Amino acid sequence: MPSKMSNFFRNMSWRNYIVYIAFIFVFIFFSIYLSDAGFLTAGNLMSIARQTAMITIMAVAMTFVISTGEIDLSVGSTAALSAMTTALTLQAGMGIVAAVIVGLATGFIIGAINGLLVSKVLIPSFLVTLAMMEVGRGIAMWITGTAPVPILHDTYIFLFGSGDILGIPVLLIWTIIIAVIGFILLNKTPFGRQTLATGGNEKAALFTGIKTARIKLSVFIFTGTMAGLAGMLYAGRLEAGRYTFGQGDELSVITAVILGGTSLAGGVGSVIGTVIGSIMIGTINNGLILMGLDVSQQMIVLGIILILAVTFGKKSKST
Amino acid sequence: MSQIALQMKGINKAFSGVKVLKKVNFEVGKGETHALMGGNGAGKSTLMKILTGVYTLDSGEIIIDGKSVEINNPNDSNQAGVAMIFQEFSLIPKLTVAQNIYLNREPRTNLGFIDDSKMNAETQRLLDELDLHIKATDLVEDISVGYWQMTEIVKAISNNAKIVIMDEPTSTLSLKETEKLFDMIDNLRKKGITIIYISHRMDEIFKVCDRITILRDGENVITERLSELTMDDVVQHIIGGKLKRTFVWEPREVDYTKPPLLEVRNLQSGDKVKNVSFDLYRGEILGFAGLMGSGRSETVRALFGIDKIRQGTVCIDGKEIVVNNPMDAMKLGLALVPEDRREQGLILEHSVKENMILPILKKVSNKFFVQERKVSEVVKDYIQRLNIKTDNEDKIISLLSGGNQQKVVLSKWLANSPDILILDEPTSGVDIGAKSEILKVIRELADQGKSVIVISSEITELLAVSDRLIIYHQGTIANSIPRENLKAEEDVEIAIQNV
Ligand SMILES: Nc1ncnc2c1ncn2[C@@H]1O[C@H](COP(=O)(O)OP(=O)(O)OP(=O)(O)O)[C@@H](O)[C@H]1O
Ligand SMILES: [Mg+2]
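Chain order of the listed sequences is A and B.
Residues 1 to 319 in the numbering used here are what the first sequence lists, from first letter to last.
Residues 320 to 818 in the numbering used here are what the second sequence lists, from first letter to last.
Treat each hint with caution, since some may be false.
[Stated by the list, open to error] With a straight-line Cα cutoff of 20 Å, these simulated DMTMM-like cross-link-like pairs (lysine to aspartate or glutamate) come out:
| # | chain 1 | residue 1 | chain 2 | residue 2 |
| --- | --- | --- | --- | --- |
| 1 | B | K627 | A | E202 |
| 2 | A | K188 | B | E673 |
| 3 | B | K627 | B | E639 |
| 4 | A | K211 | B | D505 |
| 5 | B | K759 | B | E572 |
| 6 | A | K211 | B | D626 |
| 7 | A | K120 | B | D647 |
| 8 | A | K188 | B | D659 |
| 9 | A | K203 | B | E696 |
| 10 | A | K188 | B | E696 |
| 11 | A | K188 | B | E691 |
| 12 | A | K203 | B | E673 |
| 13 | A | K203 | B | D626 |
| 14 | A | K203 | B | D659 |
| 15 | A | K120 | B | D626 |
| 16 | A | K211 | B | D713 |
| 17 | A | K203 | B | E639 |
| 18 | B | K349 | B | D377 |
| 19 | A | K188 | B | D713 |
| 20 | A | K211 | B | E572 |
[Said to hold, decoys possible] Quick list of simulated restraints, FRET-style, between CB atoms:
| # | chain 1 | residue 1 | chain 2 | residue 2 | range |
| --- | --- | --- | --- | --- | --- |
| 21 | A | T311 | B | L458 | 57 to 67 Å |
| 22 | B | L458 | A | T146 | 41 to 51 Å |
| 23 | B | D384 | A | L127 | 22 to 32 Å |
| 24 | A | K120 | B | E808 | 46 to 56 Å |
[As the list claims (entries may be wrong)] Just a sample of chain A residues kept apart from chain B, beta carbon distances all over 12 Å, derived:
| # | residue |
| --- | --- |
| 25 | A22 |
| 26 | L116 |
| 27 | L185 |
| 28 | L196 |
| 29 | T198 |
| 30 | A205 |
| 31 | F207 |
| 32 | G266 |
| 33 | N285 |
| 34 | D294 |
Note that these hints are calculated values from the structure, not bench results.
Predicted model only: the values in this text are computed from it and were never measured.
Glycine residues also receive a C-beta, built at the ideal position from the N, C-alpha and C atoms.
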């Protein structure tokens, strides 16, 4: 009889853990190679956490979308639009509560439109969200004629940007809250099971009485709303709303999710993996900057990582 | 048996440490039709997958036509003259029979173009030789599904296969088609083709096979001429003990004076269901008998909200109901175990546990969370009751043997304990021991006052559980016969054929 322990080892394949192993390697490499540049200082590690917060938050939600076998390319643009609407609400003097509601609602509405088009009109999510990526960014540019909107509200900036609570950056706190919610939602609730079932075999899920259309609508609303939150955090951190926020974030977010072991084909998802994946991307970006690479070179590295992640994360479907 | 076509000697195979085949010996004579039997998870498919190069053996030897061969991939196996007829058909519907048979190895003219006339002539010659009444130029989508499998077999033979493996070939065939297949097997035998025949159906094995090899838990039990064995012997060797006689009908009390639970009137759906009316009473087990394609599956699909109901009414407890999708149906207390388990019943990359609890998530959750303790209880219970062979409840379902996957689909819905349970071919691919267990569970449910509809192509099974049989004929109901008025299987067969 196989013992519990050997069962455990048998069930874990190295693929599931490659992201952790890779992360350790990357971290050690930068720690040694960039020790003079200050990679391993507390200040730099905190700044990695801050820089990564928005990606992580969107990636947690994206884990759900990809788990259902769909994709959301519009998160970066949604973040930009939410940052604008939030900043404008604050500028209009309507107060922080209104601003938060408006910011989240912006994301919610975009997510709901995506979700309805995918689940009810049955347009492939790739197309819907590709279009929404343009529309969202376009509106963000258009509402102020590309002008940035400064934020002067101190409480907002503290809660959604540069504040520290008990020495912990608020951005990190937001990240942890969303990651925990995402983890519980995916692993401990019926909704999580239904999400994975929808992505695993939509027909079987449907015949089991799962409202797959509603599940899909919900996960798009989740990414939309989380992209809204990410946009609000961008606005808080940089004390303004700018249409340029979140440009290219969809690539980082999707890479983080795939690195974390979530299957592009749907049906398999891991929130913890996603968090590690996105911290790894943040670490790599940070390391590359310290090494003196510029944005264009970072883009190249990120693209290559995505392809590697998809290649190694691919499961053979033969058995 | 003069010559030996295939010998597999001392085959060992383990999956991540779990031994699935233990020193298995398997020997088949030339031109023989050899049955390979055993309970679900005994290792039949694994042994054949080794022969066809899907898996490689850990140790052992394969000898074909006297020569030791190494089979590391499907190509090696083809080269050695072995072909497997797959359940999921690999034909392309929009191409003709001949085009499918010669796909990717079409005969060429001198100019290098495809030589259609030669291809069609060759194909037709083979079809005629095997007495198959289809034309080489027919589109595959136009011939009946029963012929698809035969086309696959012809394809294998035209590709010089000497050993043809059929894994549960009749599970998708009607009675008539099954007979056609048996005729074809006879013809193949005359041509000297060796056939390995895997099935859980006793009567078939005795009808078409010469010898039998039985495996139990990955080990040889016996290899013997079938003429030396009785059905009881075979059953005993498969399960390693005596079977309780659950295939015998036990009369049950159904109260037919109370109004029916489900009333279906003049139901029309798709082009298969033309005019179906029947009643289902509380605590009743109703068997649907009929030919493949007579509209039985389509009726229940419509009732469960998968297909649209074009006309007719459905009432539950006297109230007319509207069902637009499976969710509506489930709310009204219906459940359907679908025919095609891989496509419609399972999420293949998820675990046994996750699949099983999917319809009962609400029942095993409190307000917010899934309660693992409750989940485990339910799952353990069904693994034990239906004797599901799995290393543990977290095993990925696609790694279970075919029959065990079917048992998981069943438990999924049994656990949901619906008021009206509809089972479409519930025991297809399930071994004899589990079959009787499934029939027992069905009876238990009915005894609790639940109503059950059973569709099955196995008449023995229908006769064993049904309180009443409904005979389908081309989308309408030809007859409704109380079980006690039926003496033997022949009565049902006559009722099905002569309407
Ligand atoms: N790829 C795999 N990984 C792990 N276990 C496997 C794999 N393939 C098969 N098994 C296990 O090997 C055992 C034998 O499976 P196999 O499919 O050969 O059974 P079978 O005799 O064909 O049963 P059935 O009658 O249900 O089709 C089963 O317990 C199954 O779970
Ligand atoms: Mg099998």
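For which of the previously enumerated hints does the structure constitute a violation, in increasing order of number? 4, 8, 9, 16, 17, 18, 20, 21, 22, 23, 27, 28, 29, 30, 31 and 32
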